[in-house]
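Chemist: Please work from the sequences and hints to get the whole structure.
Chains as they are written, first to last, in the working numbering: chain E, 2 to 228; chain W, 2 to 228.
One thing to keep in mind: the hints can contain errors.
Each pair may be met inside one copy or between any two copies, as identical chains are not told apart.
[What the hints assert, rightly or not] Below 30 Å or equal to it, Euclidean Cα-Cα: the simulated DSS-like pairs (lysine-lysine) are:
(1) Lys-116 / Lys-172
(2) Lys-116 / Lys-34
(3) Lys-175 / Lys-34
Derived by calculation from the structure, the hints in this document are not laboratory data.
Protein chains: 2
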Amino acid sequence: MSGGRKLYDLAAADPALRFSPYCWRTKLALAHKGLTVETIPWRFTEKEAIAFSGSQTVPVLIDGDKTVADSQAIAEYLEAAYPDAPSLFGGAQGHALTAFVRRWADGVLQAALAKILMPDIFPILHPKDQEYFRETREPRIGMRIEALGAQRAAHLPALEAPLATLRTVLKGQKYLGGDTPLYADHIVFGALQWAVKTSSTPLWGTDDVIAHWMQALLDYYGNNICN
Amino acid sequence: MSGGRKLYDLAAADPALRFSPYCWRTKLALAHKGLTVETIPWRFTEKEAIAFSGSQTVPVLIDGDKTVADSQAIAEYLEAAYPDAPSLFGGAQGHALTAFVRRWADGVLQAALAKILMPDIFPILHPKDQEYFRETREPRIGMRIEALGAQRAAHLPALEAPLATLRTVLKGQKYLGGDTPLYADHIVFGALQWAVKTSSTPLWGTDDVIAHWMQALLDYYGNNICN
Chain E
2 MSGGRKLYDL AAADPALRFS PYCWRTKLAL AHKGLTVETI PWRFTEKEAI
52 AFSGSQTVPV LIDGDKTVAD SQAIAEYLEA AYPDAPSLFG GAQGHALTAF
102 VRRWADGVLQ AALAKILMPD IFPILHPKDQ EYFRETREPR IGMRIEALGA
152 QRAAHLPALE APLATLRTVL KGQKYLGGDT PLYADHIVFG ALQWAVKTSS
202 TPLWGTDDVI AHWMQALLDY YGNNICN
Chain W
2 MSGGRKLYDL AAADPALRFS PYCWRTKLAL AHKGLTVETI PWRFTEKEAI
52 AFSGSQTVPV LIDGDKTVAD SQAIAEYLEA AYPDAPSLFG GAQGHALTAF
102 VRRWADGVLQ AALAKILMPD IFPILHPKDQ EYFRETREPR IGMRIEALGA
152 QRAAHLPALE APLATLRTVL KGQKYLGGDT PLYADHIVFG ALQWAVKTSS
202 TPLWGTDDVI AHWMQALLDY YGNNICN
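Modeler: Now the structure itself:
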C-alpha cells in the first residue's frame with residue numbers, strides 16, 4: 002500500500018500517540034502529495050534505530066532507496082521528487098513566502114507553545130525517554146520541568162498574539178495557501194496538533210476558526226493521514 | 002513622466018517627510034510595477050482634498066481615469082491592471098501567503114512600533130493635524146500621547162520578537178519574496194520605514210541584516226522611489 006515508504010514518527014509511551022510538530026508537517030506533506038506511508042513509532046532515545054539516516058531526530062523518511070531526515074529537507078525532497086502532484090509551495094515565490102510562515106511558527110508559535118506543553122509532555126513519554134527529555138529540555142528552559150509546569154497560567158497569554166495573527170488570516174481565506182492548502186498550512190497545523198495531542202487543557206475553543214481550519218485540513222486529506 | 006498618475010501621500014509638517022507605512026507599501030508597489038507617480042503631500046485633516054475618492058485616509062491613487070484608495074486595494078488593482086509587469090504576489094498561492102505577512106505586519110510589527118513611534122510622530126506633525134492625531138490615537142492607546150512617550154523604554158522589548166522573526170528569514174534569503182522582492186517585502190519595509198522616518202532613536206543597527214535588506218530594496222527600485 003505504501004510502496005515500502007516508511008516514516009519514523011515520534012511517539013509517547015502510548016505508541017499510537019504521535020505528537021511531534023515536525024512529524025505532523027511531514028505527514029500532511031505526504032498526504033498533500035497523495036503518498037501513503039507506514040509510520041513507525043519512535044522514541045527520543047532510540048537513536049540507533051535511525052542511525053542509518055545520519056540524523057539523531059525524526060522525522061526520517063524512507064522512500065524507496067532514498068532516505069531523508071528533517072521535516073524541511075523532506076518537504077523539499079517531496080516537492081522535487083513528485084513534481085506532478087500538487088505543489089507544497091506554489092512555485093519559487095510561494096516557497097520564499099513559506100519561509101516567513103516557517104520562521105514564525107518555529108520562533109514564535111512553537112516557542113510559546115513549548116512553555117505550556119513541555120510539562121504536559123513529560124508524564125506521557127515512554128519512561129525510557131523521560132530522563133533524556135529532562136536533560137535536553139531543562140537547560141533550554143533554565144529550570145526544572147515541574148517548575149515550568151507551576152508557571153503554566155503565566156505562559157498562556159503569550160500564545161494569544163500568534164493565535165490572533167492566525168485567526169485574522171483564516172477569517173479572510175480558507176487556508177493559509179488560499180482555496181487549497183499548502184505546506185504553510187502543514188507547518189502551522191503541526192504546531193497546533195502538538196498542542197491538541199498533549200495539552201492538559203484545551204488552548205482554543207471548539208468553535209474557534211482555528212479549530213474549524215484544522216478540521217478542514219484533516220477532511221481535505223481524508224484517510225491519507227493516520228495518527 | 003508619471004502619465005498623470007498621482008498619489009496622495011501622508012506628510013509631516015515638513016512636506017518632504019513622508020512617514021505613512023501604508024503609503025510606503027504603495028510607493029514600492031508602484032516602483033515594482035515600473036510605474037512613476039507624482040506624490041502629493043497630504044495631511045490627516047485634509048479630508049476634503051481626497052473626498053472625491055470616497056476615502057478618509059491615504060494612500061489614494063489616481064491612475065488615468067481610475068481612483069483607488071487603501072493600500073491593499075491599490076496593490077490588487079496594480080496587479081490586475083499591469084499583468085505584464087513583475088507580479089506583486091507570485092500568483093494565487095503567493096497572494097494567499099502574502100496575507101499572512103500582511104496580518105503579521107499590521108497586527109504584530111506595526112502594533113509594537115505604534116507604541117514606540119506615536120509620541121515621536123506627534124511633534125513632527127503639521128500643527129493643524131496635531132489635535133486630530135491626539136483625538137483619534139489617544140482613545141486607542143488609552144492614555145495621553147505624552148504618557149505613552151514616558152513609557153518608551155518599556156515598549157522597546159516588544160519589538161524584539163518581530164524583528165527576530167524577520168532577521169531569521171532574511172538570513173536565509175535575500176528578500177521575503179526570494180531572489181527578487183514581492184509585495185510582502187513592501188509591506189514589511191513600509192512598517193520599518195515608518196520607524197526610520199519618525200523614531201527619535203534608531204531601533205536597529207546600521208549593520209543589522211534588516212538595514213541591509215531595506216537598502217537592497219531601495220537599490221533594487223533605484224530612482225523609481227521618491228521621498
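Chemist: Decide, hint by hint, whether the structure agrees.
Modeler: Evaluated hints:
Taking the closest pair of Cα atoms, Lys-116 and Lys-172 come within 30 Å of each other both inside a single copy (27 Å) and across two copies (26 Å). Proximity of Lys-116 to Lys-34 under the C-alpha cut-off of 30 Å is found in neither arrangement, the shortest distances being 33 Å within a copy and 44 Å between copies. In this assembly of identical chains, Lys-175 and Lys-34 lie within 30 Å of each other by CA distance both inside one copy and across copies; the values are 19 Å within and 29 Å between.
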